[in-house]
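S.K.: Residues 1 to 169, numbered by the numbering used here, are exactly what the sequence shown covers, in order.
These are computed hints drawn from the structure, not numbers from a lab.
Some hints could be false.
Have a look at the derived ranges for each label pair, beta carbon to beta carbon [to be verified]:
1) Arg155 with Glu65: 46 to 54 Å
2) Gln4 with Asp38: 41 to 49 Å
3) Asn3 with Ala30: 19 to 27 Å
4) Glu88 with Ser139: 34 to 42 Å
5) His128 with Ser86: 27 to 35 Å
6) Gly68 with Glu145: 21 to 29 Å
7) Gln132 with Asp38: 31 to 39 Å
8) Ala30 with Ala120: 31 to 39 Å
9) Ile64 with Tyr92: 37 to 45 Å
10) Met147 with Gly124: 45 to 53 Å
11) Gln29 with Glu59: 42 to 50 Å
12) Ser122 with Asp154: 43 to 51 Å
Below are the SDA-like pairs computed for lysine to any residue, each with C-alpha atoms no more than 25 Å apart in a straight line [stated by the list, open to error]:
13) Lys112 with His35
14) Lys112 with Gly149
15) Lys112 with Ser122
16) Lys70 with Gly7
The beta carbon of each residue, even a glycine, is placed where N, CA and C say it ideally should be.
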Amino acid sequence: MSNQQLGDFLAHSVELESEARERYLELAQAMIAHHNTDVAGFFNRMAEESRLHLEEVAEIAQDIELPGLKAWEFGWPEEESPEAVSYEAVHYRMSLRQAMLLALENERAAEKFYRSFADASSDGETRHLAAQFSAEEASHAAQLEKMLGKLPPDREHHLEEDDQPHMPE
């Protein structure tokens, strides 16, 4: 039973970090295309953080057989993994502050997910590892909060379009 719980937890962790990395890389490319370099750089840094976490999880899981879960078999609290940034929340003119707030929201969601895994598990090793991952996500959230505190406030109308709409006459 315990090996199954640990394998399930690690399979979720691998997927969570993989999806986060892929999404951040995708969003960074989109921001580069729109010349939003500050946000692109931030999303690239977040992708690198996810890559490092993925390596950490892969190292822990190297001697454990992980279940081959299909996309619909993951027990996410929402439709996507907790650290995958929602496409709907992104705007090509978003500020660095807005990007950091999105990342903060995702770090907190991952922290909560890992904590709930720790609380629900009957296996000591799984509980310990999930609690450790939860604490790690909480630490990342605290770092983001600190960074946010150093940023200037956003301009009032930074998302408004500069160009007139192209309307047929």
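S.K.: Let me make sure I understand: some of the numbered hints might not hold for this structure. Which ones are they, in numerical order?
M.R.: Violated: hints 3, 4, 6, 10, 11 and 13.
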